[in-house]
Every structure is written in structure tokens, then in C-alpha cells.
Amino acid sequence: MTTNASIDLSNQDSEVRTTVKRTSKHRLILRRFCRNKQAVIGVAIVLLMIIYAVFAKYLTEWDYDEPDFLNLKQPPSAEHWLGTDIVGGDLFVLSARGLGRSLMIGFIASIGITVIAAFVGAAIAYVEGWFETVGTWILDMLLVVPTFFLLAIMVSKSSGTSGWIWLTFALMLFGWIGYARVLRSIAQSLRDREYVAAARYMGVKPLTVLWRHMIPNLGSILIIHTVLGVVYAVEAETGLSFIGFGITPPDTSLGVLIKSGSATLMTAPWMFLTPALLLLALCYSMTKIGDGLRDALDPSSESGGKA
Amino acid sequence: MTMTHPAELGDTRESATEPVLSVRDLTVSYGSEAGPVRAVRGVSFDLLPGRTLAIAGESGSGKSAASLAIMGLLPDSAVVGGSVRLDERELLRLNDREMSSVRGLEMSMIFQDPLSALTPVFTIGQQIAEALDTHQDLSRGQVVKRSMELLDLVGISDPAARLKAYPHQFSGGMRQRVMIAIAIANDPKVLIADEPTTALDVTIQAQVLDVLKLAQRETGAGVVMITHDLGVVANVADDVMVMYAGKPVEHGTVDSVFDAPQMPYTMGLLAAVPRPDRSTSGPLVPIEGNPPSPVILPPGCPFAERCPIAVDQCTEAEPALVTHGGPNAHDAACIRADEIVEQGLKYTDVYPIPELPPREANVARAERATVLEVKDLKRHFELSSGMLRRKTGTVRAVDGVTLDIRQGETLALVGESGCGKTSTLLEIMQLKQPMNGRIVLMGRDVSELGAHQRRKLRSDLQIVFQDPMAALDPRMPVYDVIAEPLKAQGWTKKAINERLGILMDLVGLNPDHVDRFPEQFSGGQRQRIGIARALAIEPSLVVLDEPVSALDVSIQAGVINLLESLQARLGVSFLFVAHDLSVVRHVADRVAVMYLGRIVEIGDVESIYTRPRHPYTAALLSAAPIPDPQVERQRQRIMLSGELPSPTERISGCRFRTRCPTYKMLPEADRAVCEAEEPDLVKEGETDQQRACHFPMEIK
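So the protein sequences, as listed, match chains X and F.
When we follow this note's numbering, the leftmost residue of the first sequence carries the number 1, and every step to the right adds one.
When we follow this note's numbering, the leftmost residue of the second sequence carries the number 1, and every step to the right adds one.
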């Protein structure tokens with residue numbers, strides 16, 4: 001909706017000003033983002049989860065790798081706020097540790113995938129000619145590579161506490177290819193837009209055009225992907241953990257916790273519910289943040305015209 | 001030469017008094033996030049058989065919504081009120097099934113875009129047959145016979161063969177003829193045409209309008225013509241209804257409305273359009289401001305905000321559409337209409353005439369510096385197909401164009417779509433060695449430039465695009481949009497800030513609005529932003545690619561005035577590409593007429609418009625509609641047969657001879673000259689005019 005009746009065309013005779021003041025673009029975006037209540041709640045949830053993941057271990061006497069052998073599979077109590085698992089691990093700290101791992105893996109992998117895919121996709125689309133042909137061909141070839149297999153091999157070679165770094169790296173390395181192809185075709189349609197032509201005709205350098213016009217205009221797609229990418233990465237991590245290739249004890253993650261909790265779902269539901277609810281809250285808040293960001297960045301969306 | 005008298009075709013007004021279609025107080029509203037959109041707010045009219053009612057208005061005035069409501073084609077989410085009676089039958093109460101038996105039989109519609117209105121997977125014959133079979137019980141033989149009659153009627157030659165053709169084998173004008181054939185297949189009582197010629201070139205538009213008149217005469221149908229083009233209204237209509245913000249503001253016979261408009265809005269519309277048949281050197285009269293949003297309408301007259309003669313009373317209550325006296329009595333919705341009629345006010349009395357800065361002292365053209373010189377420019381595209389990329393043809397998009405532009409002048413490039421105007425522009429904008437020929441900008445041959453020099457030279461050449469929305473990055477605030485060329489040329493931040501303030505003032509925008517995004521501006525304002533960007537680094541030449549054709553007429557006038565005043569103030573040259581010949585006459589100093597990749601006539605605008613020597617120029621000019629019903633009725637048109645041939649075709653000798661009216665009249669010996677030799681541009685005596693024709697038209 002363009003509600004611009006308030007802009008007065010006949011403003012020519014207002015006092016002549018030689019310089020202009022401007023509110024920065026980021027402030028505008030922030031203002032628009034804050035208007036979306038659900039997105040703000042989403043940010044609050046994510047912030048709370050980060051704080052929880054970082055500071056939980058200072059709140060109780062228990063540590064994630066220090067099981068309480070006197071309390072096995074106990075429901076929540078004053079001593080263990082969220083109960084314990086079958087080996088007596090305190091779920092309050094275990095969940096915090098697992099959540100932290102999953103957040104790290106999810107965010108790093110997802111942002112990495114998006115950045116690589118956006119640059120490769122947009123660059124292949126922007127530069128016409130042989131570069132495009134060869135680039136597209138290479139992308140097609142990479143799609144044939146059995147990524148899950150390679151991923152499993154790569155992660156299983158590593159172990160211990162550094163395993164999650166390898167997992168993140170592997171998810172990044174194999175996750176961007178299909179997405180770069182999708183972005184290439186979207187960027188191709190952007191390339192033919194008149195404002196890109198206009199920038200070229202102004203003598204703007206190719207990399208600047210790529211950075212200033214092509215990538216921001218892929219914006220909402222990139223944002224949605226980054227958000228869903230977090231979910232994708234967490235899911236991939238859960239799947240790999242389930243078949244024994246992902247995070248391995250003593251390290252833990254939401255995936256590991258959900259897996260072990262699902263085995264005792266009927267007898268000790270708290271072991272499953274805590275990590276599962278955390279995962280749910282994570283996905284919900286990421287989606288809402290994504291929506292809010294898209295509305296704030298995209299001038300054609302609902303909140304446009306009010307800033 | 002094929003001359004037709006439009007008046008003969010149109011004069012079939014039966015004196016029937018029973019209206020075939022009667023609309024009373026029609027309203028349409030949609031829900032939207034921002035609140036209900038009241039698209040149509042009370043439209044009433046009677047349509048007599050054989051008469052044509054034109055509904056004119058700018059985009060968003062509700063004219064299309066009204067026509068769709070009459071046809072029952074609006075989505076269910078739209079709320080329609082009032083009454084639509086077709087021969088005493090209330091249509092608004094019918095359900096979709098019952099409406100289907102009315103649509104196509106008693107009432108049919110012709111849409112704007114003939115490309116999407118025909119199904120690509122069925123032949124033309126199948127689609128006409130579908131229209132016939134739905135409503136009539138005919139044998140196969142009868143259907144084919146009737147289909148051939150219909151195609152013949154709308155002027156498609158060899159109908160038997162064409163029935164088996166698919167829509168993509170037809171050009172735009174031909175498709176629109178097929179649409180008309182389908183619409184009249186069942187002899188409807190009412191034909192609704194929604195902008196039927198807007199997507200077509202002027203030469204084709206003239207043909208299609210004639211076919212439409214012929215179809216109306218054959219069927220005796222009442223026609224509702226929806227259009228924004230007042231020239232088309234003057235050409236076809238008997239009555240006209242002008243709509244503004246969902247409401248009719250003036251309604252009467254076409255002569256009375258055009259001769260003595262009573263509502264300031266109509267006056268403004270008529271004054272804002274330049275005329276192709278008159279040389280106007282003064283500024284056009286724009287209507288300031290923008291139409292109100294259909295969501296938040298002011299309590300009074302919706303036009304009051306933009307009306308120069310509005311009084312306090314105007315903002316209190318919305319005036320009703322009532323008849324005002326005088327010899328040209330008709331309906332108008334304006335509380336000051338009586339005053340306007342009594343005092344015989346013209347638009348010059350109502351609207352303040354904007355002042356344009358005087359143009360530079362007249363230095364003879366030959367003494368001014370040459371900004372751009374293009375010599376024998378060619379651009380061919382190879383067509384290839386199949387696995388092995390076999391060459392199957394060559395598109396000669398630009399095939400030997402020579403022109404030059406001097407400092408401070410405007411050269412307009414005109415021609416039908418597909419004639420190579422845009423390809424010529426793009427070739428110039430590339431600033432690279434062309435396939436053939438030379439491009440010299442500011443005395444520098446572009447083929448000799450290195451990458452760095454080319455970037456530097458770009459500050460002398462800028463472009464304004466047709467679609468002001470597509471040309472501005474929607475994600476950048478106006479500040480960044482206008483600053484982009486300055487940054488590209490390495491300006492400092494402080495210098496940019498200063499320049500921005502000057503530029504925003506220059507194009508008539510509020511400098512405080514630099515933080516807004518393009519989407520928050522109206523079409524005309526966006527085009528001003530595009531112009532500010534093009535002028536940011538003080539170029540010597542600005543290429544204007546159809547800069548006003550996407551704008552409504554009332555807005556268009558303001559942008560044209562701006563361009564003219566900028567040229568006068570800054571001494572910049574314009575290369576102006578347009579299809580609207582009236583705008584060209586108003587804006588340009590010189591005109592180059594293009595046909596199939598070549599310039600066929602070039603010269604100063606007055607000579608070309610008053611003494612065209614090339615038959616193609618003459619035909620183009622005679623096809624341009626003039627917003628004056630009396631002139632339109634007496635005009636003799638030079639009709640071009642057929643449409644622009646494909647640029648892949650190789651035509652020996654003169655390219656225009658396949659459509660040339662002169663060629664058809666020539667004796668055999670002279671025809672041989674046209675077939676054998678390609679004419680070059682030749683100077684016309686001592687004047688600036690040059691034409692490429694072996695047998696130029698006589699000067700009348």
C-alpha cells in the first residue's frame with residue numbers, strides 16, 4: 001500500500017536548504033522492526049535463551065559433566081530444578097549446555113551458508129558470458145556429490161569437544177550448493193532490472209553493484225533462509241546425533257538430549273519435554289524475528305509508509 | 001491510398017430511446033489492511049443501443065472496477081451495490097452461473113492485453129467456436145462459416161487459413177481484432193472495451209478503433225469504452241463520463257464536455273495534454289498534487305485539495321452530479337459549475353499558468369557544440385536454434401542510424417514498437433565500440449576509450465527510464481539513489497550533501513524527504529527522483545526513454561514542464577524516445593522517425609509535423625488521436641496496411657514499401673525503383689529536413 005497523499009508536491013517555495021540531514025537507514029529499520037510486537041517477543045526469547053545458555057552453570061552447584069549418582073531419573077525438585085536424566089545429569093545445566101551448542105551450530109552454519117550462497121549465486125548471475133556458463137556447470141556438478149555421506153565421514157573422523165566445530169563446518173560446506181542455484185536464478189531476474197542497468201550506466205563498479213543492489217534485493221529471501229537455516233542446521237545435527245555421527249558425549253546438544261529423552265518419554269517425560277520445548281521456542285522465535293526483519297527491510301511490506 | 005472517413009463509420013446512431021444498459025448508483029468496495037477501499041462510489045448512466053459511452057479517468061479512478069462490476073467479473077471479496085439493468089433484467093442479483101449465460105451472449109468484454117486474453121494452447125478457430133458453442137446450438141459447418149465471417153469482418157485476410165493459427169502467430173493488433181471477433185460472435189447488445197488500444201501502437205490503434213466502430217455498426221450494440229486517452233474518447237465516443245476518485249464528476253455528450261467543461265478537473269485534464277496538431281511553445285498546465293487515497297477520502301469534494309478555485313464550501317460536502325445550463329448543458333459535480341458556465345471560464349482562467357525560465361538566446365544550431373554524434377550505427381542480433389546453435393537468422397535491430405545532437409537541444413526518436421529506438425539507445429549507453437559505425441560523445445570516439453576514461457565519460461551521459469518504479473532500487477532511500485552517480489564519480493560526503501539539497505529543490509521535491517523510500521512517492525514524484533539522479537553530475541546529454549508514458553496525464557504535464565525548465569536552466573541536451581507524438585511535438589526541437597532500424601525522416605519538429613515528406617511520417621501523424629471531437633470527425637486518416645514486418649525479414653530496396661500507401665499508387669516503372677534501391681537520407685532544399693524516400697509526398 002502506498003499511502004502518500006500527505007507528501008505535498010508543491011513544496012518548492014519552502015525555504016531553500018542547501019544541505020540535507022538524514023536519519024540513518026539502520027535507525028529507520030530498527031524503528032520499523034520494533035513496531036512488530038511478535039518479532040520483539042521473538043528477540044526477547046532468543047536473548048533469554050542465550051543468557052540461559054551462558055549463565056545457567058553459575059546458578060546451580062551442578063555441572064553438565066558431573067552426574068548426581070544419588071538421583072537417577074528424578075522428576076524436577078528443589079535440588080534439580082528440571083529433574084535428572086538416567087545417569088543423574090542435571091537437566092537444567094545439560095539443557096543450557098545443549099542449547100548453547102545447538103545455537104552455535106545453527107547460527108554459524110546458517111549464516112555461513114547464506115553468505116556463501118548469496119555471493120556465489122549473485123556473482124554468477126551478474127557476470128554474464130563464459131563465467132556464468134562455467135559457474136552454473138560447476139554448481140550442477142556439485143549437486144551430484146553425495147553430501148550426507150561425506151558429512152557423516154567428516155564428522156565421524158573428529159571427536160570430543162571439537163566435534164561440533166567440524167560438524168558446523170561440514171554443514172556449511174555442503175549446505176550452500178542447492179541454495180546458490182536458486183539464488184542465481186532470482187539474481188538473474190534482478191540483473192535485468194532497470195536500476196541495475198542505471199547503476200552500470202553511471203559507471204558504478206561491478207562489485208559495488210553486486211553489494212549495493214543485487215544482494216540487498218535478495219534480502220527477504222536471504223533472511224527467511226537464514227532463519228529456516230538455523231532450524232535446518234539443528235535438525236541436521238539431531239539427525240546425525242541420532243545415528244551416532246553428530247555430537248558425541250561427553251559433549252551434548254539439544255539433539256542429543258531429545259534423542260535420549262525420547263527413549264523414556266512415557267516414564268520420565270521431563271527428560272524429553274525440556275529440550276523439546278527449548279527447540280520449539282527457538283524455532284518459533286526465529287520465525288517471528290525473520291518476519292519482523294523482512295517487514296522492516298522490505299519497503300513494500302505492510303509497515304511501509306509509517307516510518 | 002487508403003483513406004477512410006471515420007465519420008461515415010460512426011454515424012449510425014439510431015434514435016432508440018430505450019436504454020439497453022441502465023446502471024444506477026453502482027458502488028464497489030474492497031477490504032484491505034488499511035481499511036475498506038471504496039473503488040466506485042455511485043456510478044449511474046444509461047446506454048442506448050448503437051451509442052458509445054466513454055468512461056475516462058486516470059489510474060485509480062474506479063473506471064475498470066465499474067466495468068468489471070457490470071460484467072460480474074469481480075472477485076467475491078468485492079462488495080457491489082446499486083443496480084445494473086440489462087433490458088429490464090437486474091444483473092447484480094444473478095449468481096455466477098446465471099451471469100455466464102449473459103456474458104458473451106448479451107454482453108461481452110474486450111480486454112486491454114490481447115496477449116493474455118487469448119489462450120495460447122488453442123487455435124483462433126477453436127476459441128471463436130467456443131464463444132459460439134457456449135451460447136448457440138450450431139452445426140460444425142455453421143460454426144466454421146460464422147467464424148470466417150467474423151474474421152473477415154474484423155479485417156483478417158485469408159480467414160480459412162487463419163482459423164487454424166495459434167495466438168502467438170498473430171501480432172498484437174491482429175489479436176485484438178480476434179478479441180473483437182469473439183466479443184461480437186453472438187451479436188451482443190452491450191460491448192465493454194477496457195482500454196482496448198492502450199497496448200498498441202498509434203497506427204494499429206487507429207485500425208483497431210475503426211474495426212471496433214465497424215463491429216458496433218454490424219451488431220448495433222451499445223459500447224462502453226474505458227480509456228484514459230482523451231484522443232480516443234474524441235475519436236469514438238458519443239457521450240463521455242469523466243471519473244475521479246470513484247465518482248463521475250462530469251457526464252454529457254462528447255461535444256459539450258470537450259467544448260465547455262464545467263468541472264475544473266476535466267478542464268485540467270484537457271489542458272494538460274499537448275496537442276499533436278498544434279505547436280505549443282508555452283508551458284503545459286499541470287494539476288498539482290495527487291488523487292486522494294480511496295481509503296481515506298476527504299468529506300467534501302475529492303478534487304478540492306487540487307482545485308485552484310476551491311472555496312471553503314467545497315470541503316464541507318461532496319457536490320452531486322447535476323445538470324448545469326447553457327447551450328452545452330450537461331451534468332457536472334461542482335458547486336461552482338454555474339459560475340463557470342455563466343462567466344464562460346476556460347482553463348486559462350481557472351489554472352495558474354506556470355512560468356518557465358526563458359531559453360538561452362537563440363544561437364544558430366550550426367554554431368552550437370555537438371554533444372553526440374552517431375554515424376552509421378548498426379546492431380544485429382544473431383538468432384540460433386537447436387543443439388548445435390545453428391544460425392537461423394539475423395535481427396537487424398539497428399541498421400545504419402546517423403544522427404547528431406547539439407548542445408541544449410532535444411532530439412526525439414519516434415516510431416512504432418520494434419523499430420529499433422530502444423536498441424539504438426542501449427547501444428549509445430554502452431559507450432563501447434559498436435558493431436558497425438561510430439559513436440562520438442563530447443568529441444571523444446567511444447571505441448578509443450579505456451575502462452577508466454569510459455567511467456569518467458559516463459558523467460556526461462545519463463539516462464531516465466520509462467518505469468519510474470523499476471528504475472529506482474526499492475531498498476535504497478532517495479538519498480542513496482540520487483547520490484549513487486556522485487559516489488561513482490568520487491564525490492566527497494559533504495559535497496554530496498550540498499548537491500542533494502540543490503537537486504531536490506531543482507526537481508520540485510522537499511529536501512526533507514531524502515530518507516524516504518521510492519515506494520512512498522507517487523509515480524510523478526518517482527520520475528522526478530529519476531530525473532534528479534540523471535542530472536546529479538551535470539551531464540551534457542540525458543537520454544530519456546519514454547519518461548512520461550507511464551504517468552497519468554495530469555502528472556505528465558508537470559514532468560514535461562520540469563524537463564523543459566531544466567533544459568532552459570542547465571543547457572543540457574536530451575535524446576528523447578517516445579511513442580506519443582503529441583508529447584514529442586511539445587518537447588522536441590528535432591525529430592527523427594525510425595522504421596525497421598533506420599531513420600526515414602529527420603528534421604526540425606515544425607517542418608516534420610506540418611510538412612512530412614515521407615509517407616510513413618505522414619501516416620504516423622495522421623494516426624495520432626487528437627483530443628477534440630470536431631477535429632477527429634473531419635480527419636482523413638492515412639491507414640497503413642498491416643503491421644511492422646519482422647526485423648529478421650530482408651526486404652529488398654525500400655523497407656517501407658510493403659506497407660507504403662504511395663508505393664501502391666505508383667506505376668510499374670517507379671515501383672521497380674523502390675524495389676531495387678534503398679533510399680538514403682536526402683536533404684530537403686535549404687531546410688534542416690532530410691528524408692529517405694524516392695517519391696516523397698507533395699507539400700500541401
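What the hints contain is simulated information worked out from the structure, not anything from laboratory work.
Just to be clear, a hint being listed does not mean it is correct.
Straight-line alpha carbon distances no greater than 27 Å define the calculated DSS-like cross-link-like pairs of lysine-lysine that follow [said to hold, decoys possible]:
hint, chain 1, residue 1, chain 2, residue 2
1, F, 456, X, 259
2, X, 57, X, 259
3, F, 375, X, 259
4, F, 456, F, 375
5, F, 164, X, 205
6, F, 378, F, 164
7, F, 493, X, 259
8, X, 205, F, 683
9, F, 375, F, 346
10, X, 73, X, 205
11, X, 57, X, 73
12, F, 456, F, 487
Covered stretches of chain X (chain F as the covering partner; in silico rule of three or more C-beta atoms under 8 Å from a C-beta of chain F) [unchecked claim]:
hint, stretch
13, 193-199
14, 209-223
Selected chain X positions facing chain F (Cβ under 10 Å, derived; list incomplete) [said to hold, decoys possible]:
hint, residue
15, 28
16, 30
17, 127
18, 203
19, 205
These numbers were taken from a predicted model, which means no experiment stands behind them.
Cβ atoms here follow ideal geometry from the backbone N, Cα and C, with glycine treated the same way.
Worksheet item: What hint numbers does the structure not satisfy?
Response: 1, 3, 5, 6, 7, 8, 9, 10, 16 and 17
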